[in-house]
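Let the hints inform the model, and build the full structure from the sequences given.
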Amino acid sequence: MSKAARERSARERLAEQRKREQARQRQRRLLAIVLGAVVAVAAVVAVTVVVLDQRGKRDQKAVAYTGPQAPLTREADGSIVMAKPGVTKPVLEIFEDFQCPACKHFEETTGKTVKQLAAEGKVKVVYRPFHLFGQQPDPIKSNSLRSAAAALCVPPDKWLSYHDALFKFQPVEGKKGFAPDDLVAWGKDVGVTDPNFDKCVTEQQKKSQVESMTKYALDDRKVTGTPTVFLDGRKLENEIASGDALRQAIEAAGGSGR
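Under the numbering used here, the first residue of the sequence shown carries the number 1, and numbering increases by one thereafter.
Keep in mind the hints are simulated off the structure, nothing from the lab. What you are looking at is a predicted structure, and each value in this text was computed from that prediction instead of being measured. Any given hint could be a false lead.
Unchecked claim - Across the chosen pairs, the derived CB separations fall in these ranges:
(1) E203 / D244: 39 to 49 Å
(2) K176 / K61: 15 to 25 Å
(3) D77 / D138: 24 to 34 Å
(4) S208 / D244: 31 to 41 Å
(5) E108 / E251: 15 to 25 Å
(6) A241 / E120: 17 to 27 Å
(7) V63 / P180: 14 to 24 Å
(8) Q135 / S208: 17 to 27 Å
(9) R29 / K199: 56 to 66 Å
Claimed, not checked - In silico DSSO-like cross-links for lysine-lysine, where the CA-CA straight-line distance does not exceed 27 Å:
(10) K207 / K222
(11) K104 / K207
(12) K222 / K199
(13) K168 / K112
Note that CB positions come from ideal geometry on N, CA and C, so glycine has one too.
What follows is the structure in structure tokens.
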């Protein structure tokens, strides 16, 4: 091979190397652009998720109940009694779990009637929240316990509002919910001012009382599901399907309230 041919071959090889290097550089620049775009999109998505989550939390604001009701008191066993002074019968007992979807439905369809009947002096209502889902896996189990314990930290005069908020913001079954911070915030939303309230909720100071109420429901009263409603000790069935049906049952039981 002549010297000129060798030089031409060398130039061609060098040109090929330059082309390959330029191609690699273009690929690297393109990859950098693509990766940058991916990172930017991911950042936008992350910010959007945070904003929506914060907006959702702001939307979950409890409100004080201002409708008809009778005075509320808390018994030594933790139950809440709602009745006008002097009203002792008939007695409507409501066993419920704040994580129970059927209980939420009962409140949505019949809860207003319960409050109205108590306000009219036609019935003595006893709310008996307990921890039905103690044998279920988390998060159902922990949701149930946290909400029941938190409800016992609320003073009687704010309890009905808090009770309604727990059902309103009930987590989807199987999803983690009733976070301690939310439980505290909802209490403050409805007017709880007790300085020990935060600690009572976050440390589950009422856990042992919830366990006692649960034992009473399951062992003493043989409750197997929620909501379970008794009228003067008789378990109601179809009578709790609607507010009208419940009113008829209570009035038939002699709901004079005295």
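Hint check:
no.: 1; hint: E203 / D244: 39 to 49 Å; result: holds (43 Å)
no.: 2; hint: K176 / K61: 15 to 25 Å; result: holds (20 Å)
no.: 3; hint: D77 / D138: 24 to 34 Å; result: holds (27 Å)
no.: 4; hint: S208 / D244: 31 to 41 Å; result: holds (40 Å)
no.: 5; hint: E108 / E251: 15 to 25 Å; result: holds (22 Å)
no.: 6; hint: A241 / E120: 17 to 27 Å; result: holds (21 Å)
no.: 7; hint: V63 / P180: 14 to 24 Å; result: holds (21 Å)
no.: 8; hint: Q135 / S208: 17 to 27 Å; result: holds (18 Å)
no.: 9; hint: R29 / K199: 56 to 66 Å; result: holds (58 Å)
no.: 10; hint: K207 / K222; result: holds (21 Å)
no.: 11; hint: K104 / K207; result: holds (22 Å)
no.: 12; hint: K222 / K199; result: violated (33 Å)
no.: 13; hint: K168 / K112; result: holds (14 Å)
Of the numbered hints given earlier, the model fails hint 12 alone.
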